[in-house]
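Protein chains in written order, with the UniProt record's numbering: chain A, 1 to 263; chain B, 1 to 314.
If we take Cβ atoms under 10 angstroms as the criterion, some of the chain B residues that face chain A in the derived model are: (1) THR51; (2) GLU96; (3) HIS106; (4) ILE107; (5) ASP145.
Because the hints were derived from the structure by calculation, they are not lab data. We put the beta carbon where it would ideally sit given N, CA and C, even for glycine.
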Amino acid sequence: MTALRAGHPRLQELAALTRRWYLQLVRDRLNLGLTLLQPAFWLVFFGGAVRRMVDDRVTGTPDYVSFLLPGVVAFTAIGTSISGAVPLLWDKETGYLDKLMSMPIARASLLGSRLAFQAAVTVVQVAVILLVAAAMGVRVRTGVVGVLVVLGVTAVLAVALSAVFLALAFHGPGHTTFFAVTGFVTLPLLFTSNAFVPVEAMPTWMALVARANPLTYAIEAMRLLVTSGWGVPVVAHLVGLVGFTALCVLLTHHRFRTYTSAR
Amino acid sequence: MGDAVTTTRLTRYFRRHAAVDGLDLRVPAGEIVGLIGPNGAGKTTTIRMLTTLLRPSAGQALVCGLDVRHEAVAVRRLIGYVPQEKGVRHLLTGRESLEIEADLHHIPRRRRDQRVAELLDLVGLLADADRMVSDYSGGMQKRLDLACGLLHAPELLILDEPTLGLDVVSRHRIWDYVRRLRAEGRAVLLATNYLDEADRLCDRITIIDRGREVVTGTPADLKRDVGADVVRVSTDRPEVLRSAIGHRAWVRQITIDDAGDLHVHVDDAATALPDLVRDAVRHGVDLTGVHYHRPTLDDVFLRHTGRVLAGHPA
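The shape of chain A in the complex, shown without the other chains (with noise of 0.2 angstroms):
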């Protein structure tokens, strides 16, 4: 707040847009509680009913709530990503994209805002589900500072994912195209995961696609810090996710410049 009162451009005009995220967010009351109660719903209905048919040696654990909870963290990135991109696309629609770019705002604030922005609201998601989860009975191996680290896989992978997503919204034709294509992707995206059935039970081939898919990484070190413990494998996990992500905000910052630009 010190740099504000100071007049810092750059973190007064990114106040300035995180406030306006924010207040689009808020005072759509349905969609934001929706966005709160979906994934929890997930948990417990989908989770609650498929427990008692899961093999544990398929699962490696007992308790498939436990195993399903890094795959509801995935699911609820995604959605939230796809979500997130929307009002940047209403924006390139309605011609107010424009209007931001003729003023004296850096590119990088607009797409960094909105990033970190999503980052924060899956996360604040995500701890609700961890809070549901922990109401039936899911114990986190690694502690609280497993939970933390949840978390912060979390916001990477929301950043991962809405870069994606507003790369979308700024490439595409339209918002035709954009709800058509991740109406589409959203399932084939988790089931070539391991967010329901461990890489080790597919399919050869399937389980070649799911070690391609980037949430794989994310879920499975998210999986060992929820189920098992920390270890080697979690780090190298964490550094495959983290290597994704900065691809996915060059391509998305690249596809931004020339957006806005470079025409």
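Since chain A is already given, all that's left is putting chain B on it; use the hints.
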């Protein structure tokens, strides 16, 4: 004072199509300049280049002496842009919208709230400042857009169809604010399809068509070039009246139509009319009706483009 906008052979291609083709445009400080043309004429492309949203393919565009291509960031500090489209603000109040845009223009926080209140007052929205923008009428939203464009006291205000779809009262309010800006010495570039708006508001007008400048001038000069005013006189004795006024210096041409009305082409109807009435009285000619019309910008547009502007009868 220098020019707020100077373009030299400004050109923009989309693939092989030249949307703007060698445009020379000038907007002096303290003037309102109208940019008029049919849809697809290149108005929006020109505005997008001046607001740094599009790069020119060739030629040059200077805003207050700064090149839009090489000094885009500095140019953005000098311009206020009010686009045709409404932004997504329906979940914000009017005051919040202005506060956020003030921050995006880097107006210091200690001055921000006062500046926002000033502009809300200027556009008559102070009493409605804390209502949601979604509750605003079209005219109120446009006034809010205008206030947003004025927050940082720009040297050049670019208005794209500022009164599109507004009622008469709202249009006049917007015109009043724009005139006030001119009085403050600021330059305004106004793209409009409303020729009466351009006529009433603009100091000069540039008509563009197919990306090129067709003609530039003051509304009065442009209309004068089209031809004389036409006075239409209804009387029982048209031939007598024709003889009575035929030698007058202000008469350019007289015709009598099938209904027996005289069409007197004059240089300036305002000065000719008293003489015409006086001559009629002196020769005992009763006048049953006198009408005149001045050439409008519709006539100017028709003459230079060979077309009628969409939605505007010539």
